[in-house]
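Visitor: Protein chains in written order, with my numbering: chain V, 1 to 155; chain H, 1 to 814.
Treat the hints with care, as some may be off.
Unchecked claim - Selected chain H positions facing chain V (Cβ under 8 Å, derived; list incomplete):
no. : residue
1   : Leu44
2   : Lys46
3   : Glu220
4   : Pro221
5   : Arg302
6   : Ser633
7   : Val681
8   : Gly685
9   : Tyr692
10  : Asn717
11  : Pro719
12  : Ser720
13  : Leu730
Claimed, not checked - Label-pair distances were calculated between CB atoms; the ranges are:
no. : chain 1 : residue 1 : chain 2 : residue 2 : range
14  : V       : Pro18     : H       : Glu173    : 31 to 39 Å
15  : H       : Glu576    : V       : Pro118    : 53 to 61 Å
16  : V       : Leu153    : H       : Lys628    : 34 to 42 Å
17  : V       : His20     : H       : Thr617    : 54 to 62 Å
18  : V       : Gly69     : H       : Gly90     : 28 to 36 Å
The hints are simulated quantities; they were obtained by calculation from the structure and are not laboratory data.
No residue lacks a Cβ here, since even glycine has one placed at the ideal position from N, Cα and C.
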Amino acid sequence: MEVVRLRVNGDERSCGVPAHYTLLETLRYGLGLTGSKQGCDKGDCGACTVIVDGRAILSCITPVWEAEGREVRTVEGLASAVEAHPVQDEFDLNGAAQCGFCTPGILCSSVALLDRNPTPTREEIRAALAGNLCRCTGYEKIYDAVEAAAARLGT
Amino acid sequence: MTGRNEGFGAGNGAAPAANGRRDVTSGASPLNTIGRPMRKVDGLAKATGRARYTDDIALPGMLHGKILRSPHPHARIVSIDTSRAEALEGVHGVVTGRDMPTPYGIIPWTPDEHPLCVDKVRYIGDGVAAVAAVDEDTAIAALDLIDVAYEELPEYFDPHEAIAAPSGPYIHEPRKPGWSGNVTKVVKLEFGDVDAGFDEADVIAEHDYFFEGTTHTPIEPHCAIGLAEGDGKVTVWSATQVPHYLHRELARVLEVDPAKVRVIQPPVGGAFGGKSEPFDLEFCVAKLSMLTGRPVKILYTREEVFYAHRGRHPFHMRYRTGATSDGMLTSVDARIVLDGGAYASFGLVTTYYSGQLLTAPYQMPAYRFHSTRAYTNKPACGPKRGHGSVQPRFAFEVQLDRIAELLEIDPIELRRRNFIGANTRTVNELRVTSNGFLECLAEVERASDWKRKHRRLPFGRGVGVAGSTYISGTNYPIYPNEMPQSGIQLQVDRSGRVAIFSGASEIGQGVDSMVAYVVAEELGVPLDHIRVLAGDTDFTPVDLGAYSSRVTFMLGNACLQAARKLKAMVQGAVAEEWEAKPREVLLAGGMALRAGDTGTGMPLREAFNLAEAKFGTLGATGSYNTPKDVHGSYRGGTIGASPAYSFTAHVAEVEVDTETGFVTVDKIWIAHDCGRALNPVLVAGQMEGSAYMGFAEALMEEHIFKSADEGRAGLHNAPSLLDYRIPTSLDTPALESLIVESIDPEGPYGAKEAGEGPLHPSIPAIANAIYDAVGVRMDSLPFSPPRVWRALQAADGGKVSGRIGEAVGAGHAV
Numbered sequence: 001m002e003v004v005r006l007r008v009n010g011d012e013r014s015c016g017v018p019a020h021y022t023l024l025e026t027l028r029y030g031l032g033l034t035g036s037k038q039g040c041d042k043g044d045c046g047a048c049t050v051i052v053d054g055r056a057i058l059s060c061i062t063p064v065w066e067a068e069g070r071e072v073r074t075v076e077g078l079a080s081a082v083e084a085h086p087v088q089d090e091f092d093l094n095g096a097a098q099c100g101f102c103t104p105g106i107l108c109s110s111v112a113l114l115d116r117n118p119t120p121t122r123e124e125i126r127a128a129l130a131g132n133l134c135r136c137t138g139y140e141k142i143y144d145a146v147e148a149a150a151a152r153l154g155t
Numbered sequence: 001m002t003g004r005n006e007g008f009g010a011g012n013g014a015a016p017a018a019n020g021r022r023d024v025t026s027g028a029s030p031l032n033t034i035g036r037p038m039r040k041v042d043g044l045a046k047a048t049g050r051a052r053y054t055d056d057i058a059l060p061g062m063l064h065g066k067i068l069r070s071p072h073p074h075a076r077i078v079s080i081d082t083s084r085a086e087a088l089e090g091v092h093g094v095v096t097g098r099d100m101p102t103p104y105g106i107i108p109w110t111p112d113e114h115p116l117c118v119d120k121v122r123y124i125g126d127g128v129a130a131v132a133a134v135d136e137d138t139a140i141a142a143l144d145l146i147d148v149a150y151e152e153l154p155e156y157f158d159p160h161e162a163i164a165a166p167s168g169p170y171i172h173e174p175r176k177p178g179w180s181g182n183v184t185k186v187v188k189l190e191f192g193d194v195d196a197g198f199d200e201a202d203v204i205a206e207h208d209y210f211f212e213g214t215t216h217t218p219i220e221p222h223c224a225i226g227l228a229e230g231d232g233k234v235t236v237w238s239a240t241q242v243p244h245y246l247h248r249e250l251a252r253v254l255e256v257d258p259a260k261v262r263v264i265q266p267p268v269g270g271a272f273g274g275k276s277e278p279f280d281l282e283f284c285v286a287k288l289s290m291l292t293g294r295p296v297k298i299l300y301t302r303e304e305v306f307y308a309h310r311g312r313h314p315f316h317m318r319y320r321t322g323a324t325s326d327g328m329l330t331s332v333d334a335r336i337v338l339d340g341g342a343y344a345s346f347g348l349v350t351t352y353y354s355g356q357l358l359t360a361p362y363q364m365p366a367y368r369f370h371s372t373r374a375y376t377n378k379p380a381c382g383p384k385r386g387h388g389s390v391q392p393r394f395a396f397e398v399q400l401d402r403i404a405e406l407l408e409i410d411p412i413e414l415r416r417r418n419f420i421g422a423n424t425r426t427v428n429e430l431r432v433t434s435n436g437f438l439e440c441l442a443e444v445e446r447a448s449d450w451k452r453k454h455r456r457l458p459f460g461r462g463v464g465v466a467g468s469t470y471i472s473g474t475n476y477p478i479y480p481n482e483m484p485q486s487g488i489q490l491q492v493d494r495s496g497r498v499a500i501f502s503g504a505s506e507i508g509q510g511v512d513s514m515v516a517y518v519v520a521e522e523l524g525v526p527l528d529h530i531r532v533l534a535g536d537t538d539f540t541p542v543d544l545g546a547y548s549s550r551v552t553f554m555l556g557n558a559c560l561q562a563a564r565k566l567k568a569m570v571q572g573a574v575a576e577e578w579e580a581k582p583r584e585v586l587l588a589g590g591m592a593l594r595a596g597d598t599g600t601g602m603p604l605r606e607a608f609n610l611a612e613a614k615f616g617t618l619g620a621t622g623s624y625n626t627p628k629d630v631h632g633s634y635r636g637g638t639i640g641a642s643p644a645y646s647f648t649a650h651v652a653e654v655e656v657d658t659e660t661g662f663v664t665v666d667k668i669w670i671a672h673d674c675g676r677a678l679n680p681v682l683v684a685g686q687m688e689g690s691a692y693m694g695f696a697e698a699l700m701e702e703h704i705f706k707s708a709d710e711g712r713a714g715l716h717n718a719p720s721l722l723d724y725r726i727p728t729s730l731d732t733p734a735l736e737s738l739i740v741e742s743i744d745p746e747g748p749y750g751a752k753e754a755g756e757g758p759l760h761p762s763i764p765a766i767a768n769a770i771y772d773a774v775g776v777r778m779d780s781l782p783f784s785p786p787r788v789w790r791a792l793q794a795a796d797g798g799k800v801s802g803r804i805g806e807a808v809g810a811g812h813a814v
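Could you build all of it, start to finish, from the sequences and the hints given here?
Guide: Shown next, in the form of structure tokens:
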């Protein structure tokens, strides 16, 4: 066990982890932040996507030590104290989450997109989500939700 | 433990109708919940990371389990020595097949598997032993210390070879002397005079088809936690679609009184049929917890999910289809070999479904099918979305396209002419009630601009059509019994809140929301005053599970019955207060209102309190059982029977690159008769997700195994989400949902299924579109670039320049 220090969703956190732990394992099993999901454990599915220093990354293939000293944002850190992030809210309104297992990763990819490009086209949304597999929706409702959130954020 | 929903939406739950959200349904007003786009009861919990799936649960003192898997496709287990593993520091328990010797199987007539293999292994990946240790690393290390001696046996990977094997050793012991132990089931059924039908035919199409196996790949791997308490109670949390069946099988195999077994089903991260029977890990966590006295969790690796499989069977099919010169079907004859893999799973039903579910939406005066399911030394196949009927539907809808071509009839028109109608019986005697198939055809024809496109697009582009039907639940449960298929319980609190105790399985399809919508509609309660407490066999009535598209129809009816019982009580109590008639009391918008007197009303909470004062504690149960006169009068005639059938039509538009064979699907128009869309957003989501999954099977997915030449016979070719290719956002075509409502007389508010039917036509519609584009028939799945390229080469020596039939761009006689 070694002690790792992380800044997650604005909090300074530390915990003991085996040296081989990934960022995802540390979040889920070390810090109890189980919102980020493990679907494949090898960077294929995108369910583990979190935002590190503003970029969407695959936490299941990121050694936790690489995240030290950086700003980590997970699905638990997207909402404010009083309301869901517009993307989260629009996911619900548009039926963009069915089983919901890929949703945390897709939300992180979407928020990272909207933070750098507040008015994405549908094609740009498609491209930004190309690393996140969804097995339920066929993606249409997800695009609808991201578009609606972009519109809300822009007003 | 509480129910699985931790979020309850915001406001009154109404989602605004905008951004393409279609507020479609018949006369829904703002006071209605049914028919309007609403939030899901678990929508925000899932969107904020608060929904807790099985692997998100950690219990104090929990151990981690791992399963040792067979490296051989077929071998006898000579000996297992676990002593070195047990001696490893941190290992708390090891179990083998001998610790759980009772065989099980989801179909009671074919119990042919064990939680861990007892005498033989039957595929690479079959479970042999399981370990519980302080952490995953220790458990993995312990697996290497288990010594298993195997004696290899002859292996079968081809179903035809398996069936033809003249003698053993077979994959399973023959069930009767003289039978083959390599055959699960043979079904031969004939309806009408098939041979006479071919004599009457003016044209006959006879072709072979091959449907490659595919798998579900839910994004959540299977996971289970077992907790044995000292008092003999055993609790299993599991990502399952069938808590009730799991409850029964756990009790039987573990030899525990079922009254002491509890199954808790947290939210499931996708299933699609892949979690609809017990799996080794569920038995192992329970047994290991009983052995160690500590909670034990097993989470499958992604590789193990591929071994667990139970996905779509590979089908080898020959179809002979006869029609008159005006396109009317006269006779259909099918011969099918199903490649079942190592265990029966649902295979008995799959074998029937391979034939039984083809008899609508078209008239078939005569029909015969002969289906044989073989065992092979590969992971067991089972039910995947559209169980057993997606494969024959592919073949049959291509057959129809061929007949339309031969007769120069527009393929949509050919389908219209053969429409079976509503309120009728199929040739195999299944009762059909509502039927919106003609509207489905009209919708895709209109929306896709079919008449201007079919046979008229430039070479390399084409459109194709296909239709289908599917069940809204099986009319008979998996184990014979007379009890209801679905039950529900409602309870009213003095605060005005209604709790719904539901035994159904939320797997993403929205069943927890569906029951909330029904209660909101009947009692006028805002959605955020409804709690859905679900998925726990200790406090919810039995629902048989999320399979065969049964829950909206069956649990919806059960919930409607319970809600109407409560409503009558509330109306009665308020009517007494107002000296009015009960039917004059309306419950809507969080109020009790007097019909015709807008000045009189009270908040629902007060109305509920009046009812509680009058009747005592307020609660109601509801249940649904199927009608018993809707099936065939022959042996097997109950399989395929359903209280209602959904209908679907698709048009696909494709582009084919003749140099590379690469097929791009630009768009699929999906028209689906769901009876009534209780929430049109969720229905459209099911339609799009289905069409996506069909598209994926058509072009990309292959659940295949290596041959001896490729290194190791029977080894899974690509047990990862990188190599087993499922579509990303960039691969997936545009999908347009067109909801058709036929208002079924027996469905809740007229609803039927929407979760599986809309998958079926994607595949043949794409095949038929490829033909329209480049004039080659794709009769083997998937339509991958090498296959399409080879078909193009074979068609015209690589010099394909136009369609078979009309010249490019020319009009086509209809």
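Visitor: For every hint, state whether the structure bears it out.
Guide: Outcome of the hint check:
1. Leu44: Given a least distance of 5 Å, the restraint on Leu44 (chain H) holds.
2. Lys46: Since chain V brings a Cβ to about 3 Å from Lys46 (chain H), closer than 8 Å, the hint holds.
3. Glu220: Holds. Min distance 4 Å.
4. Pro221: holds (7 Å)
5. Arg302: holds (4 Å)
6. Ser633: violated (39 Å)
7. Val681: holds (4 Å)
8. Gly685: Nearest chain V Cβ about 4 Å off; hint holds.
9. Tyr692: holds (3 Å)
10. Asn717: violated (15 Å)
11. Pro719: Status violated, d = 10 Å.
12. Ser720: With a minimum Cβ separation of about 6 Å from chain V (threshold 8 Å), the hint on Ser720 (chain H) holds.
13. Leu730: Nearest chain V Cβ about 5 Å off; hint holds.
14. V:Pro18 <-> H:Glu173: 31 to 39 Å: violated (46 Å)
15. H:Glu576 <-> V:Pro118: 53 to 61 Å: Hint holds: Cβ distance 58 Å, inside 53 to 61 Å.
16. V:Leu153 <-> H:Lys628: 34 to 42 Å: violated (56 Å)
17. V:His20 <-> H:Thr617: 54 to 62 Å: Since His20 (chain V) and Thr617 (chain H) have Cβ atoms about 55 Å apart, the given range 54 to 62 Å holds.
18. V:Gly69 <-> H:Gly90: 28 to 36 Å: About 33 Å separates the Cβ atoms of Gly69 (chain V) and Gly90 (chain H), which means 28 to 36 Å holds.
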